[in-house]
Amino acid sequence: AQSVTQPDIHITVSEGASLELRCNYSYGATPYLFWYVQSPGQGLQLLLKYFSGDTLVQGIKGFEAEFKRSQSSFNLRKPSVHWSDAAEYFCAVGARGAGSYQLTFGKGTKLSVIP
Amino acid sequence: DTAVSQTPKYLVTQMGNDKSIKCEQNLGHDTMYWYKQDSKKFLKIMFSYNNKELIINETVPNRFSPKSPDKAHLNLHINSLELGDSAVYFCASSGWSTQDTQYFGPGTRLTVL
Numbered sequence: 668a669q670s671v672t673q674p675d676i677h678i679t680v681s682e683g684a685s686l687e688l689r690c691n692y693s694y695g696a697t698p699y700l701f702w703y704v705q706s707p708g709q710g711l712q713l714l715l716k717y718f719s720g721d722t723l724v725q726g727i728k729g730f731e732a733e734f735k736r737s738q739s740s741f742n743l744r745k746p747s748v749h750w751s752d753a754a755e756y757f758c759a760v761g762a763r764g765a766g767s768y769q770l771t772f773g774k775g776t777k778l779s780v781i782p
Numbered sequence: 024d025t026a027v028s029q030t031p032k033y034l035v036t037q038m039g040n041d042k043s044i045k046c047e048q049n050l051g052h053d054t055m056y057w058y059k060q061d062s063k064k065f066l067k068i069m070f071s072y073n074n075k076e077l078i079i080n081e082t083v084p085n086r087f088s089p090k091s092p093d094k095a096h097l098n099l100h101i102n103s104l105e106l107g108d109s110a111v112y113f114c115a116s117s118g119w120s121t122q123d124t125q126y127f128g129p130g131t132r133l134t135v136l
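So the sequences go chain by chain: A and B. Quick note on this note's numbering: the first sequence kicks off at 668 and runs consecutively. Quick note on this note's numbering: the second sequence kicks off at 24 and runs consecutively.
Chain B on its own, in the form it takes in the complex (with noise of 0.2 Å):
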């Protein structure tokens, strides 16, 4: 049984795109989240979601939106890609406790050309 799951695996479109990444957990934890990994490898928080409670990384583009229909899914929704947007971005659920270990998704491999 997968944890954290994404959907899709690899996404390659064009500039100026709208693209949506979906991410599903199975844990019944509370809280998601989404980060951004660059091409140096470097993980970076963009969001976190937690009853309905929306905290936004203020580095984060505003084309960037977080929708999440329910408890277990948390999307991305990326208006009018850009070739920077290029990264892979990994769906995290975890608990509410501070001690709650965060679970990651596959990640989902975007590439704008």
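Chain A on its own, in the form it takes in the complex (with noise of 0.2 Å):
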């Protein structure tokens, strides 16, 4: 069964400065790759995915990913963080089994702005 980890649990970081949000998955074939992002009182919204090609993603807002097999990582980059970024920041992994695909998501990196 595939699985997720993301590893901090609670980012605080200064406006301006970079940001990365660490995430590692545990899947047996190419695994298809997301991160989504949910603001306070907010459902999930994507941010980018990867499914094949170019390891490195181009999402919205900024965001980008790198997928990096040989250490199972796809970890989420941004150069600038703005206040806005502020939220959670949810990896995934889809897979098919059982008949239907399915996401299977880390616990979530909280992100604080400090302005």
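In case anyone wonders, no lab produced these hints; they're calculated from the structure. These numbers come from a predicted model, not from an experiment. Please note that the accuracy of each hint is not assured.
To be verified - With the C-beta cut set under 8 Å, the calculated list includes, among others, these residues of chain A facing chain B: (1) Gln709; (2) Gly710; (3) Val748; (4) Phe772; (5) Gly775.
Unchecked claim - Pairs of lysine-lysine, DSSO-like flavour, derived with a Cα cap of 27 Å: (6) Lys774(A) / Lys45(B); (7) Lys45(B) / Lys728(A); (8) Lys94(B) / Lys32(B); (9) Lys94(B) / Lys716(A); (10) Lys32(B) / Lys774(A); (11) Lys45(B) / Lys90(B); (12) Lys42(B) / Lys716(A).
As the list claims (entries may be wrong) - Below, a sample of chain A positions facing chain B; criterion: calculated Cβ distance under 7 Å: (13) Leu713; (14) Leu770; (15) Lys774.
Each residue gets a CB set at the ideal place from its N, CA and C atoms; glycine is no exception.
Using the hints, put the two chains back together into the complex; each one sits in its own frame.
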């Protein structure tokens, strides 16, 4: 069965600083990987996804993520954080099993931004 | 235009009651899902529903039952509510391809007193 680990429960960065959120996955085949963001009281919004091809994926709001098969990682990065980026970030792996396609989420990383 | 909508946004009820949460998607998707997000923000799949085929997560109690009147709707019925059912419930939808993104609704915060 697939699994996702987000090692950092809470990260605090200063506005304008760079950001990297870590994600490690476990899956036997080629993974489909996603990063979602959840603002307080809101639903989940897709930031970016990786299926194949270029291992560096660009997303919305200036985010990017790099797939590293050798490290089973899919870390999310942003060069300069804005106060509005404060939210909960979820990494997920998609897989087909038991006749359906499902997302397995990590436990999330809460990002706080200091003005 | 809201892609995936849920009603109500908040639901407060007593233990033992039966309640429903409605979900509608206007994206023309084939598959719909229900997720539960617990107090620690952990998201877990409860059901997926495609072409009248229901896939149930084995850990979901049979008090929970999804009902789909048509392809655009997947409602969640919960019988005999328990304190542990308090959570945020998210509906999502996607196409059938493994490359299709899942789009999430805004969530329904259920509080059982």
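Quiz item: What are the numbers of the hints that this structure violates, sorted from low to high?
Solution: Hint check: 3, 7 and 12 fail, others pass.
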